[in-house]
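As they're listed, the protein sequences go chains A and B.
All the letters of the first sequence, read from the start, carry residue numbers 43 to 344 under the numbering used here.
All the letters of the second sequence, read from the start, carry residue numbers 43 to 344 under the numbering used here.
Incorrect hints may have been included.
Among the chain B residues that face chain A by a calculated CB cut under 10 Å, a handful are [to be verified]: (1) Leu99; (2) Pro116; (3) Ala226; (4) Ala262; (5) Leu265; (6) Val268.
If you are wondering where the hints come from, they were derived from the structure by calculation, not from laboratory data.
Quick reminder that beta carbons are idealized off the backbone N, C-alpha and C, glycines included.
Protein chains: 2
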Amino acid sequence: MSILVVGSVAYDTVETPREKREKQLGGSASFFAIAALGRGAVRCVGVVGDDFRQEDLDLLAERGADVTGIVREPGDSFHWSGRYHDDMIERDTLATELGVFADFQPVIPDAWRDSDYLFLANIHPALQSHVLDQMNSPKLVALDTMNLWIENTPEDLAKILKRVDVLLVNDGEARQLTGKRSLAHAAAAIREMGPSRVIVKKGEHGAVYFGQEGVLSVPAIILDDVIDPTGAGDCFAGGFMGSLSDAGATRDSNDGVFRQAMVDGTVTASFCPEGFNVEGLLKIDDAAYTARMATLRGMMVP
Amino acid sequence: MSILVVGSVAYDTVETPREKREKQLGGSASFFAIAALGRGAVRCVGVVGDDFRQEDLDLLAERGADVTGIVREPGDSFHWSGRYHDDMIERDTLATELGVFADFQPVIPDAWRDSDYLFLANIHPALQSHVLDQMNSPKLVALDTMNLWIENTPEDLAKILKRVDVLLVNDGEARQLTGKRSLAHAAAAIREMGPSRVIVKKGEHGAVYFGQEGVLSVPAIILDDVIDPTGAGDCFAGGFMGSLSDAGATRDSNDGVFRQAMVDGTVTASFCPEGFNVEGLLKIDDAAYTARMATLRGMMVP
Chain A
43 MSILVVGSVA YDTVETPREK REKQLGGSAS FFAIAALGRG AVRCVGVVGD DFRQEDLDLL
103 AERGADVTGI VREPGDSFHW SGRYHDDMIE RDTLATELGV FADFQPVIPD AWRDSDYLFL
163 ANIHPALQSH VLDQMNSPKL VALDTMNLWI ENTPEDLAKI LKRVDVLLVN DGEARQLTGK
223 RSLAHAAAAI REMGPSRVIV KKGEHGAVYF GQEGVLSVPA IILDDVIDPT GAGDCFAGGF
283 MGSLSDAGAT RDSNDGVFRQ AMVDGTVTAS FCPEGFNVEG LLKIDDAAYT ARMATLRGMM
343 VP
Chain B
43 MSILVVGSVA YDTVETPREK REKQLGGSAS FFAIAALGRG AVRCVGVVGD DFRQEDLDLL
103 AERGADVTGI VREPGDSFHW SGRYHDDMIE RDTLATELGV FADFQPVIPD AWRDSDYLFL
163 ANIHPALQSH VLDQMNSPKL VALDTMNLWI ENTPEDLAKI LKRVDVLLVN DGEARQLTGK
223 RSLAHAAAAI REMGPSRVIV KKGEHGAVYF GQEGVLSVPA IILDDVIDPT GAGDCFAGGF
283 MGSLSDAGAT RDSNDGVFRQ AMVDGTVTAS FCPEGFNVEG LLKIDDAAYT ARMATLRGMM
343 VP
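The following block holds chain A by itself, in its conformation from the complex (with noise of 0.2 Å):
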């Protein structure tokens, strides 16, 4: 089954209290193609400007992705740099320059038009609907979004609601998409809204699946060290989706295969933070894998 993103292809500066590092490969497109792990052959749209390094694209590439649908423009690469305060959790955004990011326009390759399944990265609403509108009858869209549309673009981003199977949010977002203090609350409201399963991120504490048949709150797999979060929300997609895939999911699968979905995300996930940027990910094996189910599963079962 192939699996189609669109988002983010990007250059992190980011530093912690111990470290620094400068424009390491990042963005929402990349960090998810990676945590896929190689199912559904993960087909990347997205925008790079000259500086970026073809050995970025080529780890892509090695790590299963499929970056033809990744253009290049003259300009600069999406820039995006922060600084983590003493608990890695609260961070400050320092600059975020768009680059080439700032013309967009998602063009899918014909070929891929037929793609099985959908992840919308955190874009303009405007854009994911344009992306939406390219594709044949995907059997599954999921969705990520920002604080940043929900404020200004609340049109646009209602418009594609109305056109996904899963939306994946944050706490704080999904409070302030429908006014609703519980989540229980924000969830079936969300529901209304468009999505039928809702996936509430909630970092340190896990995550939260509202399906069609229930709920499951996986916790997050507590590491002894955290080197650098970002991106870790794209990875929990990454792992999400791929795991839908492998399952052949569609939107009117039973919430098993979701539920499964969610604990794969959640261990792909916990990988992220271990290394700066991408090079947690690319710790992942086979027994690694299997050696963290094994630890979450322990978490989780009484």
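Using the hints, position chain B against chain A.
Relative to the frame of chain A, chain B by itself:
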């Protein structure tokens, strides 16, 4: 199996965005005793003033507590007053009037010194030691504490920690007590201070058990409506210790009974925020408990 609790028996004035209730039954020992649901015939040691209503003592007794260890002294009962923010999580303490609690010197009745389980609710750590000095050899001792004692009486706290089996703290307190940012590191550091099992309470995000054989993360049950969360931590402790008592656990038991106790504590605590003060707890019956246990298992098991 008998359970002894030493803590506050108090009046709480609680203000929420919707309602204000003045001088309702509260205090750690009260919540704990009712939450044990008759298991362990909880023996309560505490002090109240001459303003304390007999009907409140009668309520505790009706709910299975032995209140003959609650002494009445001239003066006012301990009174806490607080106001919840709109999120029903953050709160401001408006007043803490110790009253007769200021001179509380707990005396354990002779007949209670052989109690099987001891819960040292959140009082001055020197008093907690004083209580433990009076006990014969309980099968298990659990302790709650707070930032006040961590900051102001660290030596007294260190002394009692060496002598207890289970510490219950919230995540902020675990970090404050150990200076460790990572919960995994904080729990490991606490275990070196004495308690071989650590429970980190995270409010709406649930609770994490760091045991001898591994970690269990139990989500909080997602509630439709939160009326008043005051006392939920003590309700958790009451459900937890009641479960251990039912199972005949000792400090040497394997993790299985403690993991089940985590689930029981979570189910019990989930009723607390659904009513003001102890009113939520009073709605627990077999059918409600069983239904909520099924909900929690559905939330936990993928």
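Tested hints:
Of the supplied interface hints, the one on B:Leu99 is violated, with its beta-carbon coming no nearer than about 35 Å to a beta-carbon of chain A, more than 10 Å. Proximity of B:Pro116 to chain A is violated relative to the hint, the smallest CB-CB distance being about 44 Å (cut-off 10 Å). The restraint placing B:Ala226 at the interface with chain A holds, with a minimum CB-CB distance near 5 Å, inside the 10 Å limit. Given hint, B:Ala262 at the interface with chain A, holds; its Cβ is 8 Å from that chain's nearest Cβ, closer than 10 Å.
Using the Cβ-Cβ criterion of 10 Å, the hint placing B:Leu265 at the interface with chain A is satisfied: the shortest such distance is roughly 7 Å. A distance limit of 10 Å between C-beta atoms decides the matter here; for B:Val268 the minimum to chain A is near 7 Å, and the interface restraint holds.
Figure legend: structure checked against the earlier numbered hints; hints not met, in rising order: 1 and 2.
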